[in-house]
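Peer 1: Given the coordinates of chain P, work out where chains V, Z, W and D with the ligands should sit on it, guided by the hints.
Residue numbers (this note's numbering), protein chains in the order written: chain P, 1 to 313; chain V, 1 to 358; chain Z, 1 to 339; chain W, 1 to 526; chain D, 1 to 311.
Treat the hints as calculated values from the structure; they're not laboratory data. Hints are supplied without guarantee of correctness; some may be wrong.
[What the hints assert, rightly or not] What follows is a set of in silico ranges between Cβ atoms, one per label pair, in the way DEER data are often shown:
id	chain 1	residue 1	chain 2	residue 2	range
1	Z	Asn89	W	Asp332	48 to 54 angstroms
2	W	Pro394	Z	Asn89	41 to 47 angstroms
3	W	Ser81	D	Asn69	38 to 44 angstroms
4	P	Ser83	D	Lys7	36 to 42 angstroms
5	P	Phe17	V	Ala60	36 to 42 angstroms
6	D	Lys47	W	Thr360	39 to 45 angstroms
7	D	Ile13	Z	Ile54	47 to 53 angstroms
8	D	Asn69	W	Pro394	54 to 60 angstroms
9	W	Asn84	D	Lys7	50 to 56 angstroms
10	P	Phe17	V	Lys131	39 to 45 angstroms
11	V	Asn144	P	Val25	22 to 28 angstroms
12	P	Phe17	Z	Ile54	47 to 53 angstroms
13	P	Asn23	V	Asn144	19 to 25 angstroms
No residue lacks a Cβ here, since even glycine has one placed at the ideal position from N, Cα and C.
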Amino acid sequence: MTERKKIIQVQHLKQYFSPGKPNEVRAVDDISFDIYEGETFGLVGESGSGKSTTGRSIIRLYNPTSGKILFEGQDISKIKNHSKDMLHFRRNMQMIFQDPYASLDPRMKVKDIIAEGLDVHGLVKNDQERDQRVKELLKVVGLNPDHVTRYPHEFSGGQRQRIGIARALAVDPKFIIADEPISALDVSIQAQVVNLMKDIQRKNNLTYLFIAHDLSMVKYISDRIAVMHHGQLMELGSADAVYNHPLHPYTKSLLSAVPLPDPEIERRRTRLPYDSSIENNTHDQRQLREIGDGHYVFCSEEEVDGYKEQMQK
Amino acid sequence: MSDNILEVKNLNINFKTFAGTVQAIRDVSFNLKKGETLAIVGESGSGKSVTTRSIMGLLASNAVIEHGEILFKGQDLLKESAKEMDHHRGNDLSMIFQDPMTSLDPTMTIGKQVAEPLRIHGKISKEKALKRAQEVLELVGIPNAKNRMKDFPHQFSGGQRQRIVIAIAIVNYPEILIADEPTTALDVTVQAQIIDLMRELQEKLETSIIFITHDLGVVAGIADRVAVMYAGKIIEVGTVDEIFYQPKHPYTWGLLSSMPTLDTKGAKLSSIPGTPPDLLDPPKGDAFAPRNPYAMQIDLEAQPPFFKVSDTHYAATWLLHPDAPKVQPPAPIVKRAQEYAHLMQTGAVDTPSEGSQN
Amino acid sequence: MEDVKITANSFEKVQADQTADQEKISAPSLTFFQDAVRRLRKNKIAVISFFTLIIIAVIAFASPILAPRDPNAQNPDYANLPPRIANTNIPGFRGEIKNAAGIVTNPYETNNVPKDRTYILGTDYLGRDLFSRVLYGTRLSLIIAVIATLVDLLIGLPYGIISGWKGGKVDTFMQRIIEIISSVPNLIVVILLLLVLKPGLSSIIIAIAFSSWVTMARLIRAQTLQLKEQEYVLASLTLGESPFKIAMKHLIPNLSSTIIIQTMFSIPSAIFFEAFLSFIGIGIPAPNASLGTLLSDGQKAFRFLPYQMWYPALILCILMIAFNLFADGLRDAFDPKSE
Amino acid sequence: GCGGSSSAKAPADTVRVMSKDVIATMDTSTNTDTIGSQAASNTMEGLYRYEGKDIKPGIATKVVKPSADGLTYTFPLRKTSWSNGDPVTANDFVYAWRRTVDPKTKSQYAYIYEGIANAKEISEGKKPVDSLGVKAIDKHTLQVTLDQPIPYFNELLTSSFYFPQNQKTVDKWGKKYGTNSKTLVFNGPYKLINWNGPDNTWTEVKNDKYWNAKNVKVKKLQYQVVKDPSTALNLYQSNKLDDIVISGDTAKQMRGSKGFNSRQMNSTFYIEMNQKKQPVFKNEKIRQAIALSIDRPQLTKQILGDGSTPANSVTPKDMSFDPSNKSKDFVDETSASGNKYTKYDPKKAKKLWKQGLAETGNNGKKFNFVLLSDDTDAAKKQSEFLQNQLEKLPGMKVTLSNVPFKTRLSRSTSGDFDMVVTAWNADFPDPINFLTLLTSNASYNRGGWSNSQFDSLVDKSMGADANNPQARWQDMKDAQNILNDQQGVVPLYQLGEAHMTQTRVKNLEISPNGSYNMVSLRIHNK
Amino acid sequence: MLKYILKRLGYMILTLFIVASITFFMMKLMPGTPFSNQDKLSAAQLKIMNEQYGLNKPIWQQYLIYLGNLLHGDFGTSFQFSNQPVLSLITSRLKPSLLIGSQAMIIGSLLGILLGAVAAINKNNWIDSLATFVSIVGISVPSFVLGVLLQFFIAFKWHMFPIAGFDNWQASVLPSLALAVSPLAQTARFMRTEMVDVLNSDYIELSKAKGNTRWQTVVKHTLRNSLIPVITILGPLTANILTGSLVVENIFSIPGIGEQFVKSIMTNDYPTIMGLTIFYALMFMVMLLITDILYSLIDPRIRLTNDKEEN
Ligand SMILES: Nc1ncnc2c1ncn2[C@@H]1O[C@H](COP(=O)(O)OP(=O)(O)OP(=O)(O)O)[C@@H](O)[C@H]1O
Ligand SMILES: Nc1ncnc2c1ncn2[C@@H]1O[C@H](COP(=O)(O)OP(=O)(O)OP(=O)(O)O)[C@@H](O)[C@H]1O
Ligand SMILES: [Mg+2]
Ligand SMILES: [Mg+2]
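Chain P with its partners taken away, still in its complex shape (with noise of 0.2 angstroms):
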């Protein structure tokens, strides 16, 4: 248990948009981590921090300004396109979108959408076995496998994003990337996709990057979560640790705005605001550093025995 087995590997991973220009917008600033084969990485923090820039870099939508991703031990900006390490790639990663009703043709019906990547790959014989997959598919998903021919538009958020996962697994990726898969949808049908994520996950043993701004479903469904601001990692850790035992101030705020349903504890919350200036007045160079065991936090060598000390507590 030890030496688990990396799949994902994101080493100073820069991605900028318009560098060079007026307009540059340096979405993700130098990050670093490691996704374990069979876990659920949850990365969390509050919208436009880079979470699904680091997402789409992952599994090369863009090419990444600087810095390396290693897919199982290979460097993904290396893999050629239209080569057969590509196609393996695009087979073993897959991607789940925030918005159910952007995230699938509108013009095409759910048997075409799911069999999308079946076809690619070559992975069935003719449309009888093609058929046949689609409805396992959509029965996995929990969805009425009758309803192959429909259009999206007519499923609920909640049956658009399984199509979505469906979609995803048809290819048997070993590595998914969620980004936001339930934070469109209403509150009842949240816990639907979560659990069949879940699922799903024991059975086919994925591994997740489970990206979200909720960070009570990310506690739940992440083994290990990492906490996103301004295109850097604030913190990084088990999930329990940094839910329950946040370190850095940043993590603290974002916890203590995240509503929870029950009237009392609500009244007595007080929010804690984030003052990002802190991250300024060092000399030494910011970056994640161990505080426990396998709990990071981004600082500076002069706040490591602070942080340290709280941890204690």
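Peer 2: Frame of chain P; chains V, Z, W and D with the ligands shown alone:
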């Protein structure tokens, strides 16, 4: 009931569509007291927006109000002329919409947009209106409001835009403020700020608020009373504590237990299976029955009436029928109730809070 | 609620399967295209327009069979006869016309035309049967319209998609080309082509083709820029779909309403452009007729022989209206949400 | 202003005329078209002016007879002045004429001066400009020397290419001379005002300094360019124009109505057949067959409808008359040969066609000829008609090519055609102007028809017999007869221009040189 | 913004250069000569003429000379109007075209916007259908047919406006109307689509919630926002109308630039053709630039950056 500023009685609203008639609101009644916050929760499509839009008189053109009354200070809004409604809107009735990114006119400065209701209703000079707009913008926490009045919506962040929308809604000191999912499009940090802001404003202005959301966490933070809607009907209504700690309707149970808490780790989240019914052809009995693990024969046959739980708490479920077998709510609900009971006894000691301390 | 009968088993728990899925039976298994056709069929106006178009097209293309006379056969003795259906007395088809002095005359009588000769739409200045000419002319104009549309689709569409999809420098370069092409007045291009290639249908078509696709390309590019950021396109990319397949499967279907609307603008502009060329004398070479040449001839004779303008104009109008309404229907049909 | 009733009152002393096009230039040296020469005739005065068909003195005080050898003309000039006050002198003529032949002026009509001593050499750049055979004997006497007798020299002198120019003005404006009314001075009946080059309207007002001003009765001429026939008719019928040109269906319909009139022009249309490209056309029977297969009356009456008349000769009718007997028209004199092949006779045509094919060894062969023509409305209709008629000859297929005028010219010149419909408008009213077109090495003989006898007769008329009117007349008739017999070119029709003219306008007459004489124009207001 | 405009101007010059080059070489391909009496011209005359017009030099030299002259704003002189500078020819012909063109655009776009707006507001009822029908008929009738009808009925029969000519403003009304129909129809259809979208947007909802009446909402918030995309089509439409007006100019005897264009092509008046082509291209690009600037003025979200083109 004289302190009710708003009473909705037996409201029924249909939509004529190509596919048929959508029975969006089915016999909805509730009231709102002065200065209180009523939260309406419910899943997407349950009729929350239609209900509030009918109060504002902003229903789509294909809507038909079958019957019902909406009494605003005793006056039936449904009987008022278009002109009278124009007078109410933006004046004593205000509304905040879900998406701050799209609710502001992208081509008009925010100063003008905030001053607009004043100009429409107040007949005050432009300068005065702008002055007042600036005050309100400061009130909702737009830094440097004076200079930013001349900016356009796209120059503000999502949270700021929602603040501006709120400023527009309160600029005329409305008596009722309807907020239709005002925080759904915002991320948690900003959402928290907006909720704080609304609470603050309510204290200052004594406005009655109808707050629509499907996020029970938000409800817990802001509401005095809660109405839970399902498939065009209100199925449970009560004070916020009653709904959160002693819910009676299985749908409310489902909602509450589908939110993960600290100890759901590992275990499956309990969820509500299935999807809401098609309002083109609502089921004969309880609309929730098909998804209800506690469904009984009668749920398939007849719609349940409201059963009174307490003076403030009503629920429409056959489970409350005296003849109905007593059922055990799901574990998380039971736990909530126990914790609450314990709280009541000990006089509200430490809550199992997480993250709220340093 | 009063009439609710509460019986003994009212409060019995129901079995899970009783509450099972109550969703409607699913739609038949049709492809997207078949579906579009099905939706189109439901749209009455579109169907009527479609059949109007089909009828006009069939009649036009069958004109060699249907035309009562050779459209180019001259009979100068019977020139400029007004519409007449022999042996009937339908107003407007009696072979009568008001002359310059405002007196109703019957040129059939003055020209000694046999009593049983029918010129449904009259004759032109060379005594050619206008009805036959209108039929042939419609055919020609339709050919021009169809080919212009094809060019729009075969050049404008891929060009726009490539430009939008590639983005960056490729896009900038391709946009510059478009800018240059649209800055050169197409009249100049046309006349040059006509002079170099000799006037004729093919050179007119080449001329129209030269610049007509530009607008289509521009619109498609703008849409593609938006579409390529759509999550379903990204999803397709992450599945390893090739850009070509993405264009075919995702972009084109979702561009369909833009394509259809733009096509609806380019059909009349192609027909009009040909008419314009006829007007300045470099359209379809004589003796062949197009709606454009007929209209421009008719326009010149409008003062005395208004029928020579009205009938081609009427056909053109009907065609355009049908095209437009059909296009609206088609656009809706390609949108599964419109149901 | 807005409104006004259909019979709006016409201004009492103004005549409003439709022009088919704008004035390209008012510089008489560089002008190339009739619009320009009409404007020049209205505003300038040359040595002579046509009144009806008669040549009347203009700046010259009389119509001059040449010296016995026919080579020298001496013109006594009238004392009159330009509109800027300068006197009109013999030097103005010398200056203008030299300027026109000077190749630097780039006059495209310099060839018109050929025959005047050294003109050709000067325009070819071989001799200096001042060697031109024209000189001012004194201020008011002009002498012209010719290389060879030009029997029609007086007719030539009516044309605007021979008008004088005021050197001061031309020098002052340089390149700009003639590009707008400010750059011009006038010595003619009218002055052009408010004209800025490419304008669609222009106004000419009476010039009080004109020597014959007392006979100019109309105070103002207003020209308006109208290109659309129904617009013209609408304007005419609303009494907004006094004279309009109509054609085609409009002409056919208006024929016979009040105000309709048709003016015969000295202009004929004929078909040239390219013998170089299609050797069959070398066969005379083939050409005759073509000539016979065209129904000219139908063409002029049904298709053109503008008053054009069937032609049996390239030389137009009513243009030139026997020098000894003014009632003998050149065309009538040659009509015997002319009518032989210009009468519509499809049977005979087919017969000759077959014989011709047999003679050339093309029996039963199919031909596809390109008929080149202009792209005007009338030209297109006429081509369609010709196509239909010609295709009745067995095995003959005709493809039409209607192109802009200049393209037609360049294609004719380069021989890129099988048949071309050509028109020739008399530069001066003499048959020789037409006959010289068709000599073997004439540049305008694009068909390549060649007949040595014809050539020598034409040569003789211009050389040996030049000073013998009667012999010359006979030479030309003989030549014309040869041309008619051989159908070297196939004559179609003589152009008529149909007009609608308000009845109040009188004496709007076209001169043999193609311009209207506005001096004799009168208005009869009721 | 200034920087942006400068950059655009840079592109414009580049494009103009390319257009000028293309037309130059196309002209060289055109058959025929500009001389009407070619056959009668003496060799010396031809030589002098060719020299003066620079036609005797190798084509690349002619090209360089032409470009050099262009840089000095010299478009050469017309062949057809001897000695008339092309530039003055264009400018004198431009005024009428500009007048009727801009009137047509104003009438067309305003009425089009109105028609589209009325249709959008009354979406899916008979007013909408009527408006749609009107705009379809508008695109179905060629301008020359319309011109003839307007002239015959309104001017000739009912004496409401002058039949033809260009003496006074009244004379420009009918041609403007004839030209206005096509932009009218196009803007109407565009406007309708746009406005339907805008009317469905949240800020319209908010405007109603503020207590604006239906019309206040339309005027204050809807029109401006729907106009933004409509403006983009107005640029090219205007450029087209200015040059494509030949037919209408012909019918109404207007000394406009469209007419001149065809004529110079027909008479092989190379310098004028080239001048007009460059002028047209310039006009087209200026219109595009103006619409882009207008666009940014009306829509505060749009910043004129050089990257805008990539969006
Ligand atoms: N294609 C792009 N071009 C330019 N900027 C971009 C692009 N995509 C994202 N950005 C910017 O990069 C930053 C990070 O965006 P990203 O989408 O990764 O945030 P996020 O954390 O996923 O936010 P959200 O919770 O709203 O989805 C934002 O400021 C965003 O505006
Ligand atoms: N204009 C309309 N035409 C037809 N049906 C409508 C219309 N407006 C609303 N409905 C229907 O009425 C029902 C209630 O809609 P409503 O917008 O009130 O839901 P909601 O509770 O606000 O949901 P959400 O959380 O998604 O906003 C839905 O079934 C919806 O489809
Ligand atoms: Mg994101
Ligand atoms: Mg809602």
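Peer 1: State for each hint whether it applies.
Peer 2: Status of the hints after comparison with the structure:
1. Asn89/Z - Asp332/W: 48 to 54 angstroms: 52 angstroms, holds
2. Pro394/W - Asn89/Z: 41 to 47 angstroms: Holds, since Pro394/W and Asn89/Z (Cβ atoms, about 43 angstroms apart) stay within the stated range.
3. Ser81/W - Asn69/D: 38 to 44 angstroms: The hinted range 38 to 44 angstroms holds for Ser81/W and Asn69/D, with Cβ atoms some 41 angstroms apart.
4. Ser83/P - Lys7/D: 36 to 42 angstroms: Since Ser83/P and Lys7/D have Cβ atoms about 40 angstroms apart, the given range 36 to 42 angstroms holds.
5. Phe17/P - Ala60/V: 36 to 42 angstroms: Since Phe17/P and Ala60/V have Cβ atoms about 39 angstroms apart, the given range 36 to 42 angstroms holds.
6. Lys47/D - Thr360/W: 39 to 45 angstroms: Since Lys47/D and Thr360/W have Cβ atoms about 41 angstroms apart, the given range 39 to 45 angstroms holds.
7. Ile13/D - Ile54/Z: 47 to 53 angstroms: 51 angstroms, holds
8. Asn69/D - Pro394/W: 54 to 60 angstroms: Holds, since Asn69/D and Pro394/W (Cβ atoms, about 58 angstroms apart) stay within the stated range.
9. Asn84/W - Lys7/D: 50 to 56 angstroms: 54 angstroms, holds
10. Phe17/P - Lys131/V: 39 to 45 angstroms: Holds - the Cβ-Cβ distance for Phe17/P and Lys131/V, about 41 angstroms, lies within 39 to 45 angstroms.
11. Asn144/V - Val25/P: 22 to 28 angstroms: 24 angstroms, holds
12. Phe17/P - Ile54/Z: 47 to 53 angstroms: 51 angstroms, holds
13. Asn23/P - Asn144/V: 19 to 25 angstroms: 23 angstroms, holds
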